[in-house]
Amino acid sequence: MLTASRKRSGVLPGFGLTLGFTLLYLSLLVLIPLAGLPIRSTSMGWEAFWQTVSDPRVTSSYRLTMTTSFLAACINGLFGLIVAWVLVRYRFPGRRFVDAAIDLPFALPTAVAGITLTTLYAPNGWLGRPLAKLGIPVVFTPSGITIALIFIGSPFVIRTLQPVIQDLDVELEEAATSLGAGRWQVIRRVILPYLFPAWLTGVALAFARAIGEYGSVVFIAGNMPMRTEITPLLIVTKLEQYDYAGATAVALVLLVMSFALLLMINLLQGWTERRIAH
Amino acid sequence: MSIEVRNLTKTFGSFTALRDVSFTVTSGELVALLGPSGSGKTTLLRTIAGLEAPDAGSVLFDGDDATERSPKDRRVGFVFQHYALFRHMTVFENVAFGLRVRPRAERPSDGEIRRKVDELLALVQLEYLGDRYPAQLSGGQRQRVALARALAVEPRALLLDEPFGALDAKVRQELRRWLRRLHGQIHLTSVFVTHDQEEALELANRVVVMNDGTIEQDGTPEEVVEHPATPFVMNFVGNVNMFHGRVQAGKALLGPLALQYPAHESAEARSASGYTRPHEIEITRSEDGSGLWATVSDVRRTGAIVKMELSDERGGLIQVELGRDQFDRLHPSTGERVYLKPKRVRVFMHE
Amino acid sequence: MTTTAAPGVSATRGHVIIPSKVRRLTEPSIVRFVLTGMALAFLMLFLAVPLTAVFVEALSRGLAAYVAAMAEPFTIAALRLTLITTAIAVPANLVFGLCAAWVIGKFQFRGRHVLTTLIDLPFAVSPVIAGLVFVLLFGRQGFFGPWLAEHGVRIIFAVPGIVLATVFVSLPFIAREVIPVMEASGAQEEEAARVLGAGGLQTFFRVTLPNIKWGVLYGVILCSARAIGEFGAVSVVSGHIRGLTNTLPLHVEILYNEYQFQAAFAVASILTCLALVTLVAKTIAERRLHT
Numbered sequence: 001m002l003t004a005s006r007k008r009s010g011v012l013p014g015f016g017l018t019l020g021f022t023l024l025y026l027s028l029l030v031l032i033p034l035a036g037l038p039i040r041s042t043s044m045g046w047e048a049f050w051q052t053v054s055d056p057r058v059t060s061s062y063r064l065t066m067t068t069s070f071l072a073a074c075i076n077g078l079f080g081l082i083v084a085w086v087l088v089r090y091r092f093p094g095r096r097f098v099d100a101a102i103d104l105p106f107a108l109p110t111a112v113a114g115i116t117l118t119t120l121y122a123p124n125g126w127l128g129r130p131l132a133k134l135g136i137p138v139v140f141t142p143s144g145i146t147i148a149l150i151f152i153g154s155p156f157v158i159r160t161l162q163p164v165i166q167d168l169d170v171e172l173e174e175a176a177t178s179l180g181a182g183r184w185q186v187i188r189r190v191i192l193p194y195l196f197p198a199w200l201t202g203v204a205l206a207f208a209r210a211i212g213e214y215g216s217v218v219f220i221a222g223n224m225p226m227r228t229e230i231t232p233l234l235i236v237t238k239l240e241q242y243d244y245a246g247a248t249a250v251a252l253v254l255l256v257m258s259f260a261l262l263l264m265i266n267l268l269q270g271w272t273e274r275r276i277a278h
Numbered sequence: 001m002s003i004e005v006r007n008l009t010k011t012f013g014s015f016t017a018l019r020d021v022s023f024t025v026t027s028g029e030l031v032a033l034l035g036p037s038g039s040g041k042t043t044l045l046r047t048i049a050g051l052e053a054p055d056a057g058s059v060l061f062d063g064d065d066a067t068e069r070s071p072k073d074r075r076v077g078f079v080f081q082h083y084a085l086f087r088h089m090t091v092f093e094n095v096a097f098g099l100r101v102r103p104r105a106e107r108p109s110d111g112e113i114r115r116k117v118d119e120l121l122a123l124v125q126l127e128y129l130g131d132r133y134p135a136q137l138s139g140g141q142r143q144r145v146a147l148a149r150a151l152a153v154e155p156r157a158l159l160l161d162e163p164f165g166a167l168d169a170k171v172r173q174e175l176r177r178w179l180r181r182l183h184g185q186i187h188l189t190s191v192f193v194t195h196d197q198e199e200a201l202e203l204a205n206r207v208v209v210m211n212d213g214t215i216e217q218d219g220t221p222e223e224v225v226e227h228p229a230t231p232f233v234m235n236f237v238g239n240v241n242m243f244h245g246r247v248q249a250g251k252a253l254l255g256p257l258a259l260q261y262p263a264h265e266s267a268e269a270r271s272a273s274g275y276t277r278p279h280e281i282e283i284t285r286s287e288d289g290s291g292l293w294a295t296v297s298d299v300r301r302t303g304a305i306v307k308m309e310l311s312d313e314r315g316g317l318i319q320v321e322l323g324r325d326q327f328d329r330l331h332p333s334t335g336e337r338v339y340l341k342p343k344r345v346r347v348f349m350h351e
Numbered sequence: 001m002t003t004t005a006a007p008g009v010s011a012t013r014g015h016v017i018i019p020s021k022v023r024r025l026t027e028p029s030i031v032r033f034v035l036t037g038m039a040l041a042f043l044m045l046f047l048a049v050p051l052t053a054v055f056v057e058a059l060s061r062g063l064a065a066y067v068a069a070m071a072e073p074f075t076i077a078a079l080r081l082t083l084i085t086t087a088i089a090v091p092a093n094l095v096f097g098l099c100a101a102w103v104i105g106k107f108q109f110r111g112r113h114v115l116t117t118l119i120d121l122p123f124a125v126s127p128v129i130a131g132l133v134f135v136l137l138f139g140r141q142g143f144f145g146p147w148l149a150e151h152g153v154r155i156i157f158a159v160p161g162i163v164l165a166t167v168f169v170s171l172p173f174i175a176r177e178v179i180p181v182m183e184a185s186g187a188q189e190e191e192a193a194r195v196l197g198a199g200g201l202q203t204f205f206r207v208t209l210p211n212i213k214w215g216v217l218y219g220v221i222l223c224s225a226r227a228i229g230e231f232g233a234v235s236v237v238s239g240h241i242r243g244l245t246n247t248l249p250l251h252v253e254i255l256y257n258e259y260q261f262q263a264a265f266a267v268a269s270i271l272t273c274l275a276l277v278t279l280v281a282k283t284i285a286e287r288r289l290h291t
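As they're listed, the protein sequences go chains A, B and C.
Mapped onto my numbering, the consecutive letters of the first sequence carry residue numbers 1 to 278.
Mapped onto my numbering, the consecutive letters of the second sequence carry residue numbers 1 to 351.
Mapped onto my numbering, the consecutive letters of the third sequence carry residue numbers 1 to 291.
If you are wondering where the hints come from, they were derived from the structure by calculation, not from laboratory data.
In this text, a Cβ means the ideal position worked out from N, Cα and C, and glycines have one as well.
Treat the hints with caution; some may be incorrect.
Stated by the list, open to error - What follows is a set of in silico ranges between Cβ atoms, one per label pair, in the way DEER data are often shown: (1) Ser43(A) to Val153(C): 53 to 63 Å; (2) Pro180(C) to Ile39(A): 51 to 61 Å; (3) Leu45(C) to Met224(A): 36 to 46 Å; (4) Ala68(C) to Leu31(A): 44 to 54 Å; (5) Gly239(C) to Leu24(A): 22 to 32 Å; (6) Ser60(C) to Met224(A): 27 to 37 Å; (7) Gly111(C) to Arg159(A): 43 to 53 Å; (8) Pro180(C) to Glu198(B): 39 to 49 Å; (9) Thr117(C) to Pro56(A): 28 to 38 Å.
Assemble the whole structure, with the sequences as input and the hints as a guide.
This is the structure in C-alpha cells:
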C-alpha cells in the first residue's frame, strides 16, 4: 500500500526509516489495539452481540448520547458562529484575552470540568439555585449532560470558523453591496453560504467529541440506567462487572458511529477545500 | 571540472522530463540550458547536482562516474531559483553553513571560516550585510547571498536554476553583467537554466536549447541565432514569420513566396515551412518580380527600432522590424500597400 | 436596513464595539452590540464562571485547608504519577510526531492521505474505548492476559497501562501540528543544505528543526495538556489504587465521590492552573508560529 515514489525530492534522507517507525508506532499503539475490538466481538457470536446491543438499557443509552450530543452540537453551532464572527470582525477591549480563553475546554481536564459544572448547577449552586426556583432541575437530568457537552465542544465550531471568516474576502461583500444587496442579504446570500461547509465541519467535530465524552459528563449525569446513563459510562459499568464481552459489543457500536462521523468530516473537509480552491 | 551527461532519462509518473539526453560541458565553460517550462531543463540541472536520481543514464565529472554519488559528495554549488536561503540564519551563517557542516577533521577553524566568509561577502559586494537575515534583503541581494553560499564550499562546478527569474528587469541586467564578470574572474565551470533567450545569448559561451525532454540544439549563441537547427529553435529564439507550403524539384512554394530550394531536387512534393525573422524583411515601394504585397496595419516605434504589422493578400499577419532611419526614409503609412522582400528564409521540411 | 457606513464614522461614536480600521462594511451598531453581548455572555457562562468556581470552592474553607489538601501524601503521589506518565508519553509522541511529519510533509507516496487520517484516529475514539482496547489486550481476560499473569507482569491496573492509555489519547497532537508546518516549509532549504555537504541529521537539526520549532512547541503544549488531564481512558485501566495508580484527575474524582468537595477542588485547582499556563504558552507559541 505504501510505496515510495519520492516526487518531491530525491535527496532528503530517512524516508524508509521514518515511514517504518511511523507505521510501527501507529500499528502497535493504535491500530492493533483498536482491531481487538471487532475481533473480540466476532468471538461472541452474532446472536449474543445483537442481544447485548439491543438491550433496552443499551439502546436508551445510545439514544441519550446521540440526542444530548446533537443538541449540544447545535447550540455550539449557533453560539460558535456568533462568537467566531464577533471575535474576527468586531473590536472590543479584551478581545485577544477572550480569544485565548476559547481553548480552555481543551486545556482543562475533563474531570475538573465535570465536578465544577456539577457544583455550579446543583440545586444549591450559583447557577442551579435560580434555575431550581424556576422549577428547572439540571443536575442528574439530560439538560445537565447537554450543558457539559456544550462546554467541552464549544471550541470546535469557533476554531473551525475563525480562519475562514478571516479569509473571507471583503471584496466579496463589497461586490454584493455594489450590486445592490442590503446587509442582511449579503449575510444570507454571500457570507453564510460561504461559511457553511466550515461551520458544518465544526458542528460535526463537536458532535463527534460529545459522543465519546466521559469525564465531564459522569459527575453531572447522575448515571441512572434508562434515564441519564450515557454510552461511555455504560461501557465502564460493564467493565467494572467484568462483562468484557458486553462492554466490547456496546463499544463497537459507539466506535462505528464515531468513525462514520470521522468519515463524514473528512469528506466535508475535502469538499470545502475543493470549493475554496476554485 | 568537466561535466558529461550520457543518455539521461527521467520520468515523474506518466510525465517524461528527460528523454535520452547527452551533452558535455568542458572545464571553465558558461553554459545556458534554454527552454520553455516543462522542457526538462531544471530536471537536467537537478540531476547533475544529484538532487534527482535518473531512471537511466549517467553523469560524469572529469570522466568519473558520479551518478550514484550523493549531492553531499559531489562538490557542486547549486543556486536555487528562489534561493532557498536558511530563513533562521544570518547572511553570514548562511554563507558559513557549508563549512560548518564538514566533518570535524576537515572543518576549518572559526577564524578561517570568518575570513573565508568575509572574503566571499566582499566578492558579492555584501560585506556590510553579514548580520542581516534573508527576510531583510532585496531580491538581488538574496541572489548574491545564495551565490556566495554556493561558492563557499569551493565547488568544482556551479549550477544555477533560473538565477534571475524572480528579479525585476533592471536588477536582472545588472546581475547578469556582474555574473559574467565574476565568471571571467574565477573561470568556474557553470551551467544555468533559463527560459529567457536574451539572457542565454547574452551570458553564455554555449547554449543548449531544450524542448519536451530532448536537446534541440547545442551550439554557440551565434550558431543558435544564425543557424537554428530546428523550427522549434527558430521559433523559440526570437520572433518569426512563418509561411506554410511545399518543396518540389528544387523549388519551395510557401504561400506567397517562391524560392529556389536546391536541397530537395526530387520531383516528389514534401510539405515544408519557411521562417523569416522580422528584421530580415526589406520593405520597398517598387515591384521587381517575385511579388509579396502587404498592407500596413499597425506601426509602433520602440526606441531604435520600429515594429510594423502587415497583412498579406490572404489576410495573414507579417511582422517586420526596421531601423528607425530606414523607416524614416521610407515612411510607410497605415493602410498603404507596400512590397516585402525577405532577405533570408529558412526552410524546414516536415517529417 | 442600512448597509455601508462611511469609513471610520461608526468607530468614533463611543460604543464599546469599534469596527476594524479597514473594514467599511459592517452591521448596524445595535446588531453588533447585541451579537457581542451574546458572545460574551455565552463565554462568561461557560468559561469564566466555571473557572472562578474552581478557585472559590478550593478556598472555601480557608487557605490552611487548601494547603493541607495539597500536601496530603496521596495528592503528592498522584501528582508524581501524572508527571511520570506525561514525561513518558510526551517525548514518545514527540519522536513519533517528528517522524510522521517528516515523512508526510516532505515526501510524496501512495497512501499518504490514508496515513494522515489514521494518525487522527485517536481523536475519533471515545477515551473510554481507548482504555477498553488495552484491557482487552492485557487485562485478565485479555489476549495476553494469561501469559502476562504467568510471568508476573502487570499492565492493566498498573502504571504501564496508564502510560499506554495516555500515549494513545495524546498521540495525534504533535504530528498534526507539525505536519502542516513541515509541508509549508518545503524541501528547498533541505536540498540546499545537502548540496552544501550537510549529512542527514545535520540537515534535520540545523535547517529543518529551526524552521518548525514553534509548530513543535505548540504540539508539545497541546500534547502535554491532554496527557496531564486525561481522565476517561486512564480511569478504565487504572484500578484506582490510591498512592499507586491514581493520577491527579482520578484523585479529583475519588475525593469528590467521597464528598471531600473542598479537597477535590483544591487538587482541581492545580490542574486548572496548569491549564491556564497551557493557554498562555499556547497563545505565545501560536503568535510566533504565525509571524
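Now the hints, each set against the structure:
1. Ser43(A) to Val153(C): 53 to 63 Å: 24 Å, violated
2. Pro180(C) to Ile39(A): 51 to 61 Å: 35 Å, violated
3. Leu45(C) to Met224(A): 36 to 46 Å: With Cβ atoms ~26 Å apart, the hint is violated.
4. Ala68(C) to Leu31(A): 44 to 54 Å: 46 Å, holds
5. Gly239(C) to Leu24(A): 22 to 32 Å: 29 Å, holds
6. Ser60(C) to Met224(A): 27 to 37 Å: 28 Å, holds
7. Gly111(C) to Arg159(A): 43 to 53 Å: Cβ of glycine 111(C) to Cβ of arginine 159(A): about 28 Å, so the range 43 to 53 Å is violated.
8. Pro180(C) to Glu198(B): 39 to 49 Å: Holds, at about 40 Å.
9. Thr117(C) to Pro56(A): 28 to 38 Å: Given a distance of about 35 Å, which is inside 28 to 38 Å, the answer is holds.
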